[in-house]
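Let the hints inform the model, and build the full structure from the sequences given.
One-letter residues, chain by chain:
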Amino acid sequence: MKRETRNPSSEVESVDTQPATRNTGHVSRFTFHVSRYLSIYAALWKNSVAREMSFKSNFLLWILVELLWFGLQLSFISVLYLHTEHIGTWTKWQVVMLIGGSHFIQQIFQAFFLVNCTNLSELVRTGKLDFLLLLPVNTRFIVSLRQVDLGAFVNASSAVGLMVYAARQLHLVPSLLQVLGFLALCVTGVAIHYCLMFLLASISFWTVRAQGIVWGYYNLFNIARMPDEAFRGLFKAVFTFALPMLLVSNVPVRLLADKLSSPAPVFLLLAMSVVCFCVSEWGWRASMRRYTSASS
Amino acid sequence: MSDTLIAKRSAMKKYWHVLNIGIQNNLTYRLNFLARAVFGLIPLVAILYVWQKIYSGNGPGSTVGTYSLAQMISYYLLTTVVDALTAVNEDDWQIAADIKDGNISQFLLKPIDYLWYRLCLFLSGRVTYLAVAATPLAIFILYLHQYFVLPPNWTAFGAFLISTALTALLQFFMSYTMAMLAFWVLEVSTFIFILFAFEYLASGHLFPLDILPHGLEQALFLTPFPYQLYFPVSIYMGKAAGMDLIRGLLIQGLWVIAAYGLARFAWRRGIKHYSAVGG
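Respectively, the protein sequence lines represent chains A and B.
Residues 1 to 296 (the numbering used here) make up the first sequence, in order.
Residues 1 to 279 (the numbering used here) make up the second sequence, in order.
Treat the hints as calculated values from the structure; they're not laboratory data.
Hints are not guaranteed to be accurate.
As the list claims (entries may be wrong) - Simulated restraints on C-beta separations:
#1 B/Ala11 / A/Trp45: 49 to 57 Å
#2 B/Lys8 / A/Thr292: 33 to 41 Å
#3 B/Lys8 / A/Ser75: 44 to 52 Å
#4 A/Ala237 / B/Gly57: 49 to 57 Å
#5 A/Lys46 / B/Ala134: 34 to 42 Å
#6 B/Phe265 / A/Ser54: 30 to 38 Å
#7 B/Ile246 / A/Asn47: 58 to 66 Å
Unchecked claim - For the chain A half of the interface with chain B, some residues (derived, Cβ under 8 Å), not all of them:
#8 Phe32
#9 Leu68
#10 Phe235
Said to hold, decoys possible - Straight line, CA to CA, 27 Å or less: simulated DSS-like cross-link-like pairs of lysine-lysine:
#11 B/Lys100 / A/Lys128
#12 B/Lys239 / B/Lys100
#13 B/Lys110 / B/Lys14
#14 B/Lys100 / A/Lys56
#15 A/Lys259 / A/Lys92
#16 A/Lys128 / A/Lys46
Built from N, CA and C at the ideal position, the CB exists for glycine as well.
What follows is the structure in structure tokens.
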């Protein structure tokens, strides 16, 4: 776990007294940390479930909204393919698979992080961040994972359903290794979305109304579901090496659909996720140093 | 001067003030507007790249429906301009919040009509948005200037302006009516997003409607959605002329009147239901 400006280590030590004796050393200390954070996270889940269940119809309506927008993306692609056979080397069902994959990644991101990222600017504006800073846990952890969006898991499963259907249309039977690789790369993609959006959300420490900026990120999801071969020049460079939107879903789907000619894009995606994480952690620390709370 | 004229002038002045305050208020969020304008261009550019790839794959000089690549690009440029002029920004959310938080109580007491008040704020929002978005939009259009066609004649241009104004009104009245749902339900955003999804697809945001199979296109024209974006653009591009143009403008006008009537009706019903929570 990362430590930030407030130096939580001393507080952790005071909580820490029973299990970590001097002799057992780092390992038990590490497992203690992990189990402690897991139990905190379990409590956050319980809260989220309770919250969602108190607005049941709203919960179902949001699922419907997401389904509609998902359908909208698909209808756009089917209109495009009324007028062409290929976009680059991408055939219709491969692009459908790409849309499924990108929707899956987006929904998993949404399930864990989206609400928390968009809420950050409100926490700063109202000064409610104070309460989270006082808790004896890593602040980035609690800010990033406070709420879980359960409906997004339902939508993620509809994306999986679509991908399976597209794979059958393509007569594609991916190996277990391919599926596992795909899932691992999806995790990387989710991490990239999270790091970039969290970085954007950190801007709210500088300008109070950052919500517009955060929602602006939503537009980038639109690029992630487009076949990479359509793009050239500066646009492609920016969205590969600066904001790697053209990698996050294209690479995993290429792996699954036997469309990878070399392993280079996979390594690039992994490298970019590390870069994104470092930059966002740096941005977060720089932002926290600026925080002066509200009104007081 | 007769009394009615004085009353009219003071009413005009009242709403003029609202417009002014709205602009000043909106200017505080200019960075938000700028971010929205710039970020909004990114998916547009992406769509243009995809079309370019499709055209180059189909061979040189190919067309999609009746569109050459240049016409396709200018279609998207025009939708961006019309959208900047007419799209409802956060008005529906704000109206719903006003109802939910009981802020509308004060309008029931003041000699000011809430619908006109919101319309002024909507217009001020558009003015501010244009002022902020003009720069990135102009740079973008200049970059693609060879695709930016002029309308075929002055009549088309005039009709385009009229139709764009009607589009703005239609957008606003429909959003206003949707926001009225806040009288009955706690969370209106889902309903707003559902309507928005249909608008997005059926108004021609994603692709020109006349590349759809003919029957589908005809069916869409039975709904108000094409008149929320596609129709003014098609006038500008010279696709609607003569009798088609006149008939289209009439239908658009009827939709505006219908949406206005519905907005008034929903408000009246809502007020009866209203209990001024926290007011």
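Now for the hints, and whether the structure bears them out:
no., hint, verdict
1, B/Ala11 / A/Trp45: 49 to 57 Å, "56 Å, holds"
2, B/Lys8 / A/Thr292: 33 to 41 Å, "51 Å, violated"
3, B/Lys8 / A/Ser75: 44 to 52 Å, "48 Å, holds"
4, A/Ala237 / B/Gly57: 49 to 57 Å, "22 Å, violated"
5, A/Lys46 / B/Ala134: 34 to 42 Å, "50 Å, violated"
6, B/Phe265 / A/Ser54: 30 to 38 Å, "32 Å, holds"
7, B/Ile246 / A/Asn47: 58 to 66 Å, "60 Å, holds"
8, Phe32, "41 Å, violated"
9, Leu68, "4 Å, holds"
10, Phe235, "6 Å, holds"
11, B/Lys100 / A/Lys128, "23 Å, holds"
12, B/Lys239 / B/Lys100, "44 Å, violated"
13, B/Lys110 / B/Lys14, "12 Å, holds"
14, B/Lys100 / A/Lys56, "20 Å, holds"
15, A/Lys259 / A/Lys92, "14 Å, holds"
16, A/Lys128 / A/Lys46, "21 Å, holds"
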